[in-house]
Amino acid sequence: DAGITQSPRHKVTETGTPVTLRCHQTENHRYMYWYRQDPGHGLRLIHYSYGVKDTDKGEVSDGYSVSRSKTEDFLLTLESATSSQTSVYFCAISESPRPKAHEQYFGPGTRLTVT
Amino acid sequence: GQNIDQPTEMTATEGAIVQINCTYQTSGFNGLFWYQQHAGEAPTFLSYNVLDGLEEKGRFSSFLSRSKGYSYLLLKELQMKDSASYLCAVFTGTASKLTFGTGTRLQVTL
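Here the protein sequences come in this chain order: A and B.
Terminal number for the first sequence in the numbering used here: 115, no gaps in between.
Terminal number for the second sequence in the numbering used here: 1110, no gaps in between.
To be clear, the hints were calculated from the coordinates, so they are not data collected in a lab.
Some clues are possibly wrong.
Claimed, not checked - Listed next, the in silico SDA-like pairs over lysine to any residue satisfying Cα-Cα at most 25 Å (straight line): (1) A/Lys11 to B/Gln1037; (2) A/Lys70 to A/Pro108; (3) A/Lys57 to B/Ser1027; (4) A/Lys11 to B/Thr1092; (5) A/Lys57 to A/Thr77; (6) B/Lys1068 to A/Lys57; (7) B/Lys1057 to A/Pro18; (8) B/Lys1081 to A/Gly3; (9) A/Lys57 to B/Gly1028; (10) A/Lys57 to B/Lys1076; (11) A/Lys53 to A/His41; (12) B/Lys1057 to B/Gln1036; (13) A/Lys11 to A/Asp73; (14) A/Lys57 to B/Thr1102; (15) B/Lys1076 to B/Thr1092; (16) A/Lys53 to B/Ser1083; (17) A/Lys70 to A/Gly40; (18) A/Lys70 to A/His41; (19) A/Lys57 to B/Phe1045; (20) B/Lys1057 to B/His1038; (21) B/Lys1076 to B/Gly1028; (22) A/Lys70 to A/Thr5; (23) A/Lys70 to A/Gly42; (24) B/Lys1081 to A/Asp73; (25) B/Lys1081 to A/Gly40; (26) A/Lys11 to A/His24; (27) B/Lys1068 to A/Gly42; (28) B/Lys1081 to A/Val88; (29) A/Lys11 to B/Lys1057; (30) B/Lys1068 to B/Val1050; (31) A/Lys70 to A/Pro39; (32) A/Lys57 to B/Lys1057; (33) A/Lys70 to B/Ser1083; (34) A/Lys11 to A/Leu75; (35) B/Lys1068 to B/Gly1040; (36) A/Lys57 to B/Gln1002; (37) A/Lys53 to A/Thr15.
Claimed, not checked - For each label pair, taking beta carbons as the anchor points, the in silico distance ranges come out as: (38) A/Arg9 to B/Asp1005: 25 to 35 Å; (39) B/Glu1055 to A/Ser65: 17 to 27 Å; (40) A/Gly3 to B/Asn1030: 41 to 51 Å.
The model shown is predicted, which means the values in this text are computed figures rather than measured ones.
Ideal placement from N, C-alpha and C gives every residue a C-beta, glycine not left out.
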């Protein structure tokens, strides 16, 4: 299994509070991704990174920011959490953008509840 | 935009064969992935198709027709442990971004 960890694994927070989720990899993969998974929507890309300090938005980026200061860490921040951000968040990594070489490996997920 | 459709739920019997279909309308298509996801767990990679035809890997096979925007995942000799969600995802070739369908929840019964 690819070495990906996420922390925390579970979190309950109140509306309006800031929250940071961490993804850590030991594979030295260049690409890292944050997804959220909700019933009826599947996995949706929030933000991704194609290198240290290089990030871009996905399809559901509003209300989220990311940072990547080291190859191994990709942080997702909810500046002011809302109930609509209650979800399961998955981090993923891939080695390359080239087809076949870049299966995305997923972390175990973080279940976030905003009350 | 991207649109990926797959059935929401399917049920099949242990030992049988099941086919899970996926249709897509995307721009910049560069391959199609299938992932398996057990309840409460992370998705895991099953297969990848970039050319038309069938890719076989043990009990699992995946088929792609690019002209029809269609793929299927075939599971043979079903086992109870195959009860999971199966996610179809299209690779658009831009920074390795995948667009996922909503997934098909497969229940295997005795």
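Checked hints:
1. A/Lys11 to B/Gln1037: Distance of about 22 Å is within 25 Å: holds.
2. A/Lys70 to A/Pro108: holds (20 Å)
3. A/Lys57 to B/Ser1027: holds (18 Å)
4. A/Lys11 to B/Thr1092: Violated - the C-alpha atoms of B/Thr1092 and A/Lys11 are around 33 Å apart, more than 25 Å.
5. A/Lys57 to A/Thr77: Within the cut-off at roughly 13 Å; holds.
6. B/Lys1068 to A/Lys57: Given pair B/Lys1068, A/Lys57 is violated - Cα atoms ~30 Å apart, limit 25 Å.
7. B/Lys1057 to A/Pro18: violated (44 Å)
8. B/Lys1081 to A/Gly3: The given pair, whose Cα atoms are some 24 Å apart, holds under the 25 Å limit.
9. A/Lys57 to B/Gly1028: holds (18 Å)
10. A/Lys57 to B/Lys1076: Measuring from Cα to Cα gives roughly 39 Å; hence the hint is violated.
11. A/Lys53 to A/His41: Violated: A/Lys53 and A/His41 sit about 29 Å apart, past 25 Å.
12. B/Lys1057 to B/Gln1036: holds (14 Å)
13. A/Lys11 to A/Asp73: holds (19 Å)
14. A/Lys57 to B/Thr1102: Distance ~20 Å between A/Lys57 and B/Thr1102 Cα, so the pair holds.
15. B/Lys1076 to B/Thr1092: violated (29 Å)
16. A/Lys53 to B/Ser1083: The hint is violated at about 40 Å.
17. A/Lys70 to A/Gly40: The hint is violated at about 34 Å.
18. A/Lys70 to A/His41: violated (31 Å)
19. A/Lys57 to B/Phe1045: This hinted pair holds, its Cα atoms lying about 24 Å apart.
20. B/Lys1057 to B/His1038: holds (19 Å)
21. B/Lys1076 to B/Gly1028: violated (32 Å)
22. A/Lys70 to A/Thr5: holds (15 Å)
23. A/Lys70 to A/Gly42: Violated, at roughly 29 Å.
24. B/Lys1081 to A/Asp73: Between B/Lys1081 and A/Asp73 the Cα gap is close to 33 Å, so the pair fails against 25 Å, i.e. violated.
25. B/Lys1081 to A/Gly40: Holds. B/Lys1081 to A/Gly40 sits at ~23 Å (cutoff 25 Å).
26. A/Lys11 to A/His24: holds (17 Å)
27. B/Lys1068 to A/Gly42: Holds, at about 23 Å.
28. B/Lys1081 to A/Val88: holds (23 Å)
29. A/Lys11 to B/Lys1057: With Cα atoms ~38 Å apart, A/Lys11 and B/Lys1057 exceed 25 Å; violated.
30. B/Lys1068 to B/Val1050: holds (14 Å)
31. A/Lys70 to A/Pro39: It is violated: about 32 Å lies between the C-alpha atoms, which goes past 25 Å.
32. A/Lys57 to B/Lys1057: Violated, because 34 Å separates the two Cα atoms, which is more than 25 Å.
33. A/Lys70 to B/Ser1083: Between A/Lys70 and B/Ser1083 the Cα gap is close to 38 Å, so the pair fails against 25 Å, i.e. violated.
34. A/Lys11 to A/Leu75: Satisfied, since the Cα-Cα distance of roughly 15 Å is no more than 25 Å.
35. B/Lys1068 to B/Gly1040: violated (33 Å)
36. A/Lys57 to B/Gln1002: holds (16 Å)
37. A/Lys53 to A/Thr15: This hinted pair is violated, its Cα atoms lying about 29 Å apart.
38. A/Arg9 to B/Asp1005: 25 to 35 Å: About 32 Å separates the Cβ atoms of A/Arg9 and B/Asp1005, which means 25 to 35 Å holds.
39. B/Glu1055 to A/Ser65: 17 to 27 Å: Roughly 38 Å apart at Cβ, these two residues miss the hinted range, so it is violated.
40. A/Gly3 to B/Asn1030: 41 to 51 Å: Violated: the Cβ-Cβ distance is about 27 Å, outside 41 to 51 Å.
Hints 4, 6, 7, 10, 11, 15, 16, 17, 18, 21, 23, 24, 29, 31, 32, 33, 35, 37, 39, 40 from the earlier list are contradicted by this structure; the remaining hints agree with it.
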